[in-house]
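Asks: So you can see what is in the structure, the chains are spelled out below.
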Amino acid sequence: AQSVTQLDSQVPVFEEAPVELRCNYSSSVSVYLFWYVQYPNQGLQLLLKYLSGSTLVKGINGFEAEFNKSQTSFHLRKPSVHISDTAEYFCAVSDPGGNEKLTFGTGTRLTIIP
Amino acid sequence: EADIYQTPRYLVIGTGKKITLECSQTMGHDKMYWYQQDPGMELHLIHYSYGVNSTEKGDLSSESTVSRIRTEHFPLTLESARPSHTSQYLCACRAYQETQYFGPGTRLLVL
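Residue numbers (this note's numbering), protein chains in the order written: chain A, 1 to 114; chain B, 1001 to 1111.
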């Protein structure tokens, strides 16, 4: 079975400051990893994904994440945040060899302080 | 990117009513999913489908049912709504080994 842990339920950050949202996973097999963003009253939008290859993955809106197999982590980073980044961020994992269902973390609410 | 639609976006209904949440996608993706999300919580998979005439229960037990008669359509039905069904319901679709794409969600309130 797979699981995802997002250690921070809420992260307040000043505008233009850097941010890191933490994600750890557990799995007995290789995994695909995803970060999704959910703006208020909307569905989920894919930020970035790791399937294989380079461990540093770049996504939309200036976000990037690094896959660290030894630490089973997939932390999301942005060097300078904007007000428009205020949203809920979900880390998710799927098993590429199975039925490819997504298992989500509990989410991190990112609040940007002007 | 997939175009995936959900209707209604918001629904307030009384206990005991039958409701159907619609989900449609225009990309011809075989796999479709329904997730339930309570406010401030993670998403839980309640149903999924590999294709026409295929439906499976997800990780979270749900009193809802689904059908998949056409590739593009994956409706979710509650025969008798209860306050405990109040939640947000998100539909998603994907092609083989591709990313899951989500609809905008339906917020359901059962009084």
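Among the hints, erroneous ones may be present.
[Said to hold, decoys possible] Derived DEER-like restraints, expressed as beta-carbon distance ranges:
#, chain 1, residue 1, chain 2, residue 2, range
1, A, GLU64, B, LEU1111, 29 to 35 Å
2, A, ILE83, B, GLY1016, 39 to 45 Å
3, A, PRO18, B, PRO1083, 27 to 33 Å
4, B, THR1086, A, ILE83, 40 to 46 Å
5, A, LYS58, B, HIS1073, 17 to 23 Å
6, A, SER28, B, GLY1028, 44 to 50 Å
7, B, VAL1012, A, THR72, 41 to 47 Å
8, B, ASN1053, A, GLU16, 49 to 55 Å
9, A, GLN71, B, GLY1016, 48 to 54 Å
10, B, THR1015, A, GLU15, 32 to 38 Å
Please keep in mind that the hints were generated in silico from the structure rather than gathered at the bench.
Note that CB positions come from ideal geometry on N, CA and C, so glycine has one too.
Asks: Are the hints correct? Go through all of them and say.
Replies: Now the hints, each set against the structure:
For the pair GLU64/A and LEU1111/B, the supplied restraint of 29 to 35 Å is violated, since their beta-carbon distance comes to about 44 Å. Evaluation of the 39 to 45 Å hint for ILE83/A and GLY1016/B yields a pass: the beta carbon distance comes to about 44 Å. A hinted range of 27 to 33 Å for the beta carbons of PRO18/A and PRO1083/B is inconsistent with their spacing of about 43 Å. Between THR1086/B and ILE83/A, the C-beta spacing of about 31 Å breaks the proposed range 40 to 46 Å.
Taking the beta carbon of each, LYS58/A and HIS1073/B are about 35 Å apart, not inside 17 to 23 Å as hinted. For SER28/A and GLY1028/B, the hinted distance range of 44 to 50 Å is not satisfied, since their beta carbons lie about 33 Å from each other. Here the CB-CB span from VAL1012/B to THR72/A is close to 42 Å, well matched to the stated 41 to 47 Å. Restraint check, ASN1053/B to GLU16/A: a C-beta distance of roughly 53 Å satisfies the suggested window 49 to 55 Å.
The hinted window of 48 to 54 Å between GLN71/A and GLY1016/B holds, with their beta carbons roughly 50 Å apart. A hinted range of 32 to 38 Å for the beta carbons of THR1015/B and GLU15/A is inconsistent with their spacing of about 45 Å.
Checked against the numbered hints given earlier, this structure breaks hints 1, 3, 4, 5, 6 and 10; the rest are met.
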